[in-house]
Structures are given as structure tokens and as C-alpha cells.
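A.B. asks: Please model the entire structure based on the sequences and the hints provided.
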Amino acid sequence: MTLVDKDIIAKKRTGRQSRNQIFKWLFFLCTMFGLAVLILLIADTLMDGWSRLNLDFLTNFNSSRAESAGFFGAIVGSLWLMLVTTPVAIVLSVGTALYLEEYAPKNKFTEFIKINISNLAGVPSVVFGLLGLAMFVRALALGNSVLAAGLTLALMILPVIVVASQEAIRAVPASVREASIGMGATKWQTVSRIILPAAIPGIITGIILAISRAIGETAPLVVIGVPTTLLVTPSSVFDSFQAMPMQIYSWVKMPNEEFQYIAAAGIIVLLVILLLMNSVAIFIRNKFTNRY
Amino acid sequence: MAELKTKIKQNTQEQSVEKSPIIQEEKEVVFQSKNFNLWYGDNHALQDINLTFHENDINAIIGPSGCGKSTFVKSLNRMTELVPIVRTEGDIDFRGDDIFKSGMSVEELRTRVGMVFQKPNPFPKSIYDNVAYGPRVHGIKKKAVLDQIVEKSLRSASIWDEVKDRLTDNAYGLSGGQQQRICIARALAVEPEVILMDEPTSALDPISTTKIEDLMQELKKDYSIIIVTHNMQQAARVSDRTSFFYQGYVVESDDTNVIFENPSDKRTEDYVSGRFG
Ligand SMILES: Nc1ncnc2c1ncn2[C@@H]1O[C@H](COP(=O)(O)OP(=O)(O)OP(=O)(O)O)[C@@H](O)[C@H]1O
Ligand SMILES: [Mg+2]
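From first to last, the protein sequence lines stand for chains F and G. Going by the working numbering, the first sequence opens with residue 1100, and the numbers climb by one from there. Going by the working numbering, the second sequence opens with residue 510, and the numbers climb by one from there.
Derived by calculation from the structure, the hints in this document are not laboratory data. One should not assume that every hint holds.
[Claimed, not checked] With a straight-line cut-off of 25 Å between C-alpha atoms, the simulated DSS-like cross-links for lysine-lysine are:
(1) K673/G x K651/G
(2) K720/G x K730/G
(3) K1286/F x K651/G
(4) K650/G x K1286/F
[Claimed, not checked] Listing some non-contacts, in silico: residues in chain G with all C-beta distances to chain F over 12 Å:
(5) N552
(6) R596
(7) T620
(8) N630
(9) Y642
(10) K651
(11) R664
(12) W669
(13) V699
(14) E722
(15) D731
(16) H739
(17) P772
Built from N, CA and C at the ideal position, the CB exists for glycine as well.
C.D. replies: If you want it as C-alpha cells, here you go:
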């Protein structure tokens, strides 16, 4: 007497196999749906913006006249913004992640902080805008300067990088840590020579994602009151500035239909800059990974 | 079973010929634990451990799984402190100094007491950087000096010939047995006085195991070795002294041939003859 009835197994086999196929195609369709929508969007933007995408557009300041409106001020302004956001965000978040994973005592309080940092990653960007307005723009009287907006965006992306860095640090096997400590290395030597180098690819991935989000973020800049028409680029972090997403947003709101095409051209530029940044970061990441 | 026992006896007899009790007495004490107790939370993992280890001895620690062998060995270089719930009582003296006293630097202790772990755990770095890690951590920067240390350590770990042409390759590209010898070389590179080995050959094939056992015989001329092993033949083959741990206690600790041929405790006899464990 056997418990496994071969006949039933044979009967069920075709059903199992076809279900297997169905799910494979279902997941394929899910992927294709997202991809198709994305391609459509990009194609549409490209068609709209192509005619306006020329050297003048890249080198002119903004203007209320559609013929001469350009993106120069916004491009330079956004780069300035990232110059503040990136280092501040990296230092604060990698430091936080290292403290939480390597140094903090393993207790309820640390656990509480960790959970809340993950929660912070889900806070809407407009809330960070309000925080920036209250803290940097008003309390510290930085106005709508590069510094105020840069710090605001840095705070906004902080949780994302912290969480990604924590995961990368946690992924370094305990055996390797023990090996270093067991050789008489100090905590800091272990962190700087073993853990950070091993975690760097993961950390950089987190940074890429976070900066990409920051450079396209509009809501906090609206709250802070970043101007849309300036005829100068900032010469220090205390100056006022323009930013790409803010500029695009203001063009889209214009009644003159010509500005829709200008906005599309702006979106293309923003996308290209994002792609460039990502490729550079991926290059750095691969280089680091190969070294081990 | 009978075969195994005679084999063990043969091995131990060979060793007992080499060893005269007078030399044993002259040997300096390296480690001495006095009523050492350790708890993981409420789990009393080590209970009143009194053991003495001498210079240039290979000391085997045997006992069934979970009896506290790893815990004890990790206590000797204070690696157990990495586990937050650990609490200890009693003393462990290293060359006469209490390792838990406030003036003792853990970094110095762990430099003088090296460790080789059960699973090969090289760093994700080149072979060279792995071996040079310890000296670099201790501030040696000169390339010429590092080169010498790396070569010497790799030679002592009898792996130099296998890797000398690919020192810049990642250590992860080596076989498990080679990785373990890299880890031994890495431990030797800081010239420790004692080497702790926690089942260093449990993940290795017989050939690599033999190499590491031969290596230990070489190393004991300059170092004291404390090795945890589940392999009775290995303990009998390589060690001078054997301590039998059981449920957190030391049941018996004596010359290896006594433990294997003439143990005074029934449990030791049962364990070394493979009747439980
Ligand atoms: N990090 C830890 N946290 C809590 N308890 C632990 C920890 N490590 C070991 N223990 C407990 O301490 C006791 C002794 O463990 P230990 O690892 O020293 O045994 P062992 O003799 O080395 O066993 P094995 O031969 O399986 O390696 C066990 O009861 C184990 O559950
Ligand atoms: Mg163990």
C-alpha cells in the first residue's frame, strides 16, 4: 500500500505545468505594461520637446517670451543644489548608518530610532519642504538660497541613503568582522578597512537612487519659494537660484501653448542629466566591486 | 572501533616517547584560567573552568557539540565580548596578567593571541592584502618590510609555493583548504605568541587537513597552540595535552596519551572511544 497515488500525480501534472506557464506570462505582461507606458511617455515628450532642444535653449536664461526662454539658469542652479545636497546627505547618512549598525548598543532605543528612520523614508516631500521653510529659510534666515534648499533636500533623502547603507553594512559577513577584530584591529580600523570597502557598492546604489530623487523633486522647492525667473546664476551657496524641476513646473502652468514644448525640452534635459549621473555612479560602483 | 582505538594508541605512543615529563615542567605557563565562568544571558555556558596551557604545547579541546569549547577559546582573546549578553566571572591569566583587568588592552591581547576560525574567513581582498592586514593595522607601512612579512607568513603556513605567482589575486578565488592556510598565514603575520584554532580543519578535505596538521607540528616550535576539534584521531595525532569539556565543565585535562589510553573519568573514556558525542 503506497501513500503516493501515481495516477493522481499524473492527472495533476498537466494542470501544474500549465499554471506554471500562465504565471510566467502574467509576470512578463506586468513588466511589459510598465515598460510600454514608460516608452510612450518618453516618446511623447521627445516629440513635443525635440523642436525646442537646441543650443539656445541650453544657454539662454528663462524669459516670459516663448521664443527666447532657456534652461541655462535652471541647469546651473540644480547643479549648485546638488553640490550642497550630495556631500551633506552622504556624510550624515553614512555616518548615521555606521553608528546604528556598528556602534549603537543593541537596545530598544536603537531599535526605535531604526524603525523611525525607515518611516521617515515614506514622509511626503512637501513635509520636508515645510520643515526646510521653518528651519533653514526662516529660523536660520538663509532665505531661498542654494544652502537652504540644498540642506532641505539633503534631509529629505537622508533616510533613503541611511536605510540602503544599513543594509549594505549588515550584508558584510560577521565572520570577516571577527577576523579583523581578532587580529587586534580597532573598531575604526575594522570599519574603515573592511566594512566600508565591502559595503561601498550597496551604499553608492542608495546614493544614486536618492540623488536622482532629489534632483527631480519639485514640492520642497515650491514651498521654499525658489524663483522661476532669474537672470543670474548663483555665485555662492547663499545666493538665490533656479532649479530644473521648478522651472519645468512653471512652464507647464503657462497659458501660452508654446511653453508646453519648452517644458518638454526641459524634461528631456533633466532626463539626460539623470541618466548621465546614474551611469557615472554605476561605473564607480562596478569599479569598486571589481577591486575585490 | 577497535581498529580506531589501536590507531589512536599507536599515534599517542609515538608522541609520548618524544616527550619527557621534565621538559613539561620547565615550560612556561601561557594561559591559566581560574574558576572561570561565563553566561550567555541565563545560559551558564562555562562553569568553573580551571585550565593551564604551556608554551610550545599543542593543547586539544574536545567535547560534544554545545559543551562550550568555542566559547572557552573565544574567551581567551576576549572575542566573547562581541556578544552583548555575555557575562563572566573568575580570571584568565595570560603570562601572569589578568586579561580582564582594566589596564589590559584588548587590541594588544588579540595581537599576541591570534585566532583561526572554523570556517575560512579571508577578507574580500587580494592574498597579499589579507596577510599584510595585521601588520598594516599595527602601523607597518614600508613595502619592503611588508613584502618580507607576507612571504615569511605564507611560507610558514606552507602555502607560499601555491600562491607566490598570484599574490594580487582575490583570496576568494582559492580553494577552501588554501583559504584556511591563508587565514593561518594572516594570523602568523603579526607574530602572535599563542594561536587559537577553532575546528580549523572541519571544512577541509583529508589532504588539506594533513597539511594543516603537519603545519601545526612546525608551528609549535615557536608558538603555543590551542585547538578545538571534533576529530578524536586528530586530537590524538597532533596534541600534547587534551582537555575534555562536557556541558560547560572540564571533566578531565591531562597529557593526551593519558586522556586517550587511561582516562580517569568514565565519560571521557566513552567520548574518546566514540560511544557518545
Ligand atoms: N552567541 C551566542 N549567544 C547565545 N548563546 C550562545 C552563543 N554562542 C554559544 N552559545 C551557547 O553556549 C553554549 C556553548 O556553545 P559553544 O559554541 O561554545 O559550543 P561548542 O562546544 O563550540 O559546540 P560545537 O562543537 O557545536 O561548535 C551552547 O549552549 C550555545 O547555545
Ligand atoms: Mg564550536
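A.B. asks: Each hint needs a verdict: does it hold in this structure or not?
C.D. replies: Results for each hint:
1. Proposed proximity of K673/G and K651/G is supported: the alpha carbons are some 20 Å apart, at most 25 Å.
2. Only pairs whose Cα atoms come within 25 Å are accepted, and K720/G paired with K730/G is accepted, the gap being roughly 16 Å.
3. Of the pairs offered as hints, the one joining K1286/F and K651/G holds, with about 23 Å between alpha carbons and a cut-off of 25 Å not exceeded.
4. Distance check on the hinted pair: K650/G and K1286/F sit about 20 Å apart at the alpha-carbon level, within 25 Å; holds.
5. No Cβ of chain F approaches the Cβ of N552/G within 12 Å, the least distance being about 18 Å, so the stated non-interface status holds.
6. The Cβ of R596/G sits about 15 Å from the closest Cβ of chain F, beyond the 12 Å cut-off, so the non-interface label holds.
7. Once the 12 Å rule is applied to beta carbons, T620/G is inconsistent with being away from chain F; the minimum gap is 4 Å.
8. At roughly 4 Å from the closest C-beta of chain F, the C-beta of N630/G falls inside 12 Å, breaking its exclusion from the interface.
9. With a minimum CB-CB distance of about 6 Å to chain F, Y642/G fails to clear the 12 Å threshold, and the non-interface call is violated.
10. For K651/G, the condition that its CB be more than 12 Å from all CB atoms of chain F holds, with the nearest at approximately 18 Å.
11. Look at R664/G: its CB is around 19 Å from the nearest CB on chain F, clear of 12 Å, so calling it non-interface holds up.
12. Chain F leaves W669/G outside its interface by the beta-carbon criterion, the shortest separation being 20 Å against a cut-off of 12 Å.
13. Chain F draws V699/G into its interface by the beta-carbon criterion, the shortest separation being 6 Å against a cut-off of 12 Å.
14. Under the 12 Å C-beta cut-off, the non-interface status given to E722/G relative to chain F holds; the minimum distance is some 22 Å.
15. Distance check for D731/G against chain F: the nearest CB is about 18 Å away, which clears 12 Å, and the non-interface claim stands.
16. Once the 12 Å rule is applied to beta carbons, H739/G is consistent with being away from chain F; the minimum gap is 19 Å.
17. The beta carbon of P772/G is kept farther than 12 Å from every beta carbon of chain F, the shortest such distance being approximately 32 Å.
Checked against the numbered hints given earlier, this structure breaks hints 7, 8, 9, 13; the rest are met.
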